[in-house]
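Undergrad: Residue numbers (our numbering), protein chains in the order written: chain A, 1 to 350; chain B, 1 to 350; chain C, 1 to 350; chain D, 1 to 350.
The reader is advised that the hints may include incorrect statements.
Identical copies carry no separate label here, and so any pair may be met within one copy or between two of them.
Said to hold, decoys possible - Subject to a maximum C-alpha distance of 20 Å in a straight line, what follows is the list of computed SDA-like cross-link-like pairs (lysine to any residue): (1) K315 x E278; (2) K315 x S106; (3) K70 x E216; (4) K70 x D80; (5) K70 x Q140; (6) K315 x I34; (7) K70 x F139; (8) K315 x L55.
Everything labelled a hint here was simulated from the structure, so no lab data went into it.
Number of protein chains: 4
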Amino acid sequence: MMIVMSANATRQQVDDVVGRVQAFGLGAHYSQGIERCVIGVVGDGRALDRESLLLLPGVDRIVPITRPYKLASREFHPHDTTFALDGVTLGGREIVIIAGPCAVESRSLLLETACAVREAGAHALRGGAFKPRTSPYTFQGLGEEGLELLAEARAVSGLPIVTEVMDGEHVARVAEVADVLQIGARNMQNYALLHAVGASQHPVLLKRGMSATVEELLMSAEYILSHDNQRVFLCERGIRTFETSTRNTTDINAIPVLKAQTHLPVILDPSHSTGNWEFVAAIALAGVAVGADGLMIEVHPNPSAALSDGLQSLKPERFASLVTRVRAVAEAVQRGLAPVPATPVRRSGG
Amino acid sequence: MMIVMSANATRQQVDDVVGRVQAFGLGAHYSQGIERCVIGVVGDGRALDRESLLLLPGVDRIVPITRPYKLASREFHPHDTTFALDGVTLGGREIVIIAGPCAVESRSLLLETACAVREAGAHALRGGAFKPRTSPYTFQGLGEEGLELLAEARAVSGLPIVTEVMDGEHVARVAEVADVLQIGARNMQNYALLHAVGASQHPVLLKRGMSATVEELLMSAEYILSHDNQRVFLCERGIRTFETSTRNTTDINAIPVLKAQTHLPVILDPSHSTGNWEFVAAIALAGVAVGADGLMIEVHPNPSAALSDGLQSLKPERFASLVTRVRAVAEAVQRGLAPVPATPVRRSGG
Amino acid sequence: MMIVMSANATRQQVDDVVGRVQAFGLGAHYSQGIERCVIGVVGDGRALDRESLLLLPGVDRIVPITRPYKLASREFHPHDTTFALDGVTLGGREIVIIAGPCAVESRSLLLETACAVREAGAHALRGGAFKPRTSPYTFQGLGEEGLELLAEARAVSGLPIVTEVMDGEHVARVAEVADVLQIGARNMQNYALLHAVGASQHPVLLKRGMSATVEELLMSAEYILSHDNQRVFLCERGIRTFETSTRNTTDINAIPVLKAQTHLPVILDPSHSTGNWEFVAAIALAGVAVGADGLMIEVHPNPSAALSDGLQSLKPERFASLVTRVRAVAEAVQRGLAPVPATPVRRSGG
Amino acid sequence: MMIVMSANATRQQVDDVVGRVQAFGLGAHYSQGIERCVIGVVGDGRALDRESLLLLPGVDRIVPITRPYKLASREFHPHDTTFALDGVTLGGREIVIIAGPCAVESRSLLLETACAVREAGAHALRGGAFKPRTSPYTFQGLGEEGLELLAEARAVSGLPIVTEVMDGEHVARVAEVADVLQIGARNMQNYALLHAVGASQHPVLLKRGMSATVEELLMSAEYILSHDNQRVFLCERGIRTFETSTRNTTDINAIPVLKAQTHLPVILDPSHSTGNWEFVAAIALAGVAVGADGLMIEVHPNPSAALSDGLQSLKPERFASLVTRVRAVAEAVQRGLAPVPATPVRRSGG
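Required output: the full structure, derived from the provided sequences and hints.
TA: Rendered as structure tokens:
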């Protein structure tokens, strides 16, 4: 951390700041410029409250030098984290595709979709049993019944399940069914929930909040990692900007930025990041070209009858065609598609 | 809702859309323009999934006509909602001031601050027992111990307590101590929590999420109101924009906009909306001039030693001077300051 | 400027960076932390290209210490700049009000508005002869004819004229009529134009671009000031954010921030910053309470027939009532309204 | 256009609005819903001032139905516009690459870069003679001398020239040298300049303003097209958002959105949209995968000595490697790279 003094700070003010820093057990360096003095803090200042220093007389600005996250940082963990998801490796050379309906709506629709995405080449099944909705007047998910249907879909299709958990109380129950606990964008800074999924030691898919910075996303990952739960992967799903021609703005830059700053796998959700099925395929291909480790895509057999997010859902046949195009782009950037788990068309146990 | 057909939609496509609308038990009007046809939907389309209609062939856009919230809307509830908070009326002609530390840090600091803000003219005491923090490495609040200290501060100062609840499980316990349950900005769309505070029938202060629109804030209020809990008030606390010279951008426009669209009281938190004590007083005065029903201000006896948000906290003497200035501006806009509750229930400390 | 080396930079890389800095005639200080080394640059690095240093091996980040503007900075010019505008002082204790139509539309409307705003208490007349419009299909201003009408309005009302100049070629001609040359938001970074108005030695009203930071606004002021033209004042007119309930988001924080960072006068344009007459008065009062040195307000005798910006224009009687309320708030914050110039220079029409 | 009346509008108010619409020579349809009435306007309302209608009593909102641009719209011009640039076709199946230094800095650097990018496979040379810079203290371009060097580089390399024009006065002179006149992001709404380049009948590259919506970009294109100048192509170059980990946020969604809404060619500038050479290649590949018709990339033989934008410039060898990767991705999405013009027109230097 560097403490920038204002141009007319007195020598006494500088000394007071240095004294304060040393009182925290940290070292301090002077650096006298022509206009002003800068004080470098030596030692790990992560726990030090930057703001309190800002209030000392003569201080103009505080400049953090160390990034505020550590466990998520590639600087201290240079190698990519990879982990297996039911036989498929996430974070490796090969692209992983998670697909399925926005919400679990009914047994038949879920099983139909599960089989369709499996056949098309998906590696995992998504589907929400609990749905956060802006309006209290719209469909909120099937809850427990949805979880049971997901368990059945897992048995039938053999695909691992990715589903959202919205409440710390539900973590244990959702983890019985889900192979991956998803933290939705609205809950990215629900710290009670982050602690709960961290403690569960279950794989976690952490979606970026729609107005969270890359740094904040990594800080939220840090909450989970601080429970020594290493199986975390991140998802870019669009941010909120002034542009309204799509529901969100895909922050495609965030993918290579994240890959540079963290060792955790990073995937893209083009369904939410565009909000419009017409643009999903193009953005999915962009995600693969840019270096994402996977895609999460909404698929629905009959989007115009979907209870939520129909507009951004692909029909199974479009999804199948997209998988083929994803493979071509993946190969063009020296990657490939992960092989679809060899076994069960049907899997009654677990 | 108006359904705008694309310029080259066929007659058959128009008929199909009308059929779909009618299947929902709603009426449909044609309106044939020169370039295209628009179909008006007659009836309450709030439950209808707009997106599914968008997917029908020939549909270009859907334009909502009815606002998505109803209970919060002034259109159906033209008179201002007011309610008493321990003898002080919120939402009426007089301005209400809520003040106190960001977090409850210790018994002595809390009691000292409570008495100081009471003396200066505050009407309620704020202070967090549970603190959501971006970093897992910083102070997270005293939790249960903090609640006990708040109860004591209430007894000593006679001020009603406003404190944040972060988890549905804690609502009952927090409501024993708090006169107002605060929903923080990060939890504005934590729907499980909104349902829980709605059901509690306790007064609720709902803070706007830092990237939530005015409409989304009102939708979240709708969740609480849908439990027939009428005692809800809203707080503008700054939004996230590209500007970085202050921590957030005070959306001062939101205050008159909210006053026009809803009957609920609206207050301003200039401490969070600026993030810098130097600007708090100016923004507080702006809030009063613009028509806010109250202010929520962070006060700390020793900001440079605060465990959180020290930078945006006022010292008690600055706060006292601000109250005087608030009164002057309130009177200039034909309002005033609510009278401070006459007697502390009991005053053991001080 | 501080150059932050990455955690694993080698000693040789550090030396190379120091060598590069010294090659620019600047000094360099080492500051070795636990994780990494920081190099402080001593001397005026404003002309140094920061980016080139970033490309040197081992460099992680560059942190500017000196602000990039100097002439506009209060740090080197602590006293408020004030200057006279036809007998009215701008930037002093008293609030100045500039009012008039968005665009000059016709002789009668302009003269009627000029007289009405003068009578209500305005100190200067605004009105565009050249109008930047998003669509090529809408009214673009009367051009030269508009300038002539402004000259007449000046003669009739005695009010100084504020009008926009959009093109370097027009500066001389506009300056014959205008007392203040206005640079519109869309031209805030039209550097050719900034040079031209700077060179004119005419007073300049520089409006903030709708997505310009406070720092960029001050950098644009610096262009004008670099011509030794000291009569510059700044105008907050709303920024673009994700919120759509008003046309722009008034960045009310920017006013005290600017007052802290620069000695130049700062005014607020609540007409553009809200885009809706219903909110103009409330935001104008907020601007006065927050410390603005003036207001710029659109007034039109018949807003629903206005050729541009009718929605955000006040009728003369509403404007007159607002002036009264502005005076009350100005007095509540220990300021006042500047006196209206005593006599119209001449009043041939009316 | 639909005029939405408020829930409690009277019959008289509705009639008055209809009367007003008819007075403009337009038709009006009633559509009575349960809560409110909506009036459909029949006819081309582009010239009608929407705002004036909003001010009529009882009007709640105006909903535009027709998009505000026409010439740029794919709705009325379904086929892709393509045009030749010195033998290379823009807007067709094949990707076009424009590359070169940010600014023309010296003869030797320009010629070296021109030859390098040509050899690597670029189809056109970019380079600024006039540079808009935020700070008046930094390099502003070589001006006329820069134009002469560009002319020489054209002769030597055989590559067509793309260069920025910042001022209407310079259009004729720049058009002597440039094959394409570039309008920079800061000038996207400099309407005087748009008219000037439109009238020139020269090909124009219109860059999106950093906070312009897709619709505003198309409105600016409309200014140029309204001069019957059809050779316009658009460039996404990143928008301003809250995220600061890259200089701008590449709005990758904008590319398929633009391709759906307009017939004009669309390219991506990954150098500006990231501001960091480390991410340029990844974003360039994303741009090709998503459907851009071309790329514009900054290349500099010695980025750390560049006078501007060094940080985002690729070295020639990295650029050459990127071209190879671009070709692979282009082929994966059923496109290709345009062939490089067979012979330099003349090669005097080199």
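Undergrad: Evaluate each hint against the coordinates.
TA: Outcome of the hint check:
no., hint, in the structure
1, K315 x E278, "within (11 Å within a copy, 37 Å between copies)"
2, K315 x S106, "within (17 Å within a copy, 55 Å between copies)"
3, K70 x E216, "within (13 Å within a copy, 33 Å between copies)"
4, K70 x D80, "within (15 Å within a copy, 45 Å between copies)"
5, K70 x Q140, "between (37 Å within a copy, 19 Å between copies)"
6, K315 x I34, "neither (65 Å within a copy, 34 Å between copies)"
7, K70 x F139, "between (40 Å within a copy, 17 Å between copies)"
8, K315 x L55, "between (57 Å within a copy, 11 Å between copies)"
Hint compliance for this structure: hint 6 is the single one not met.
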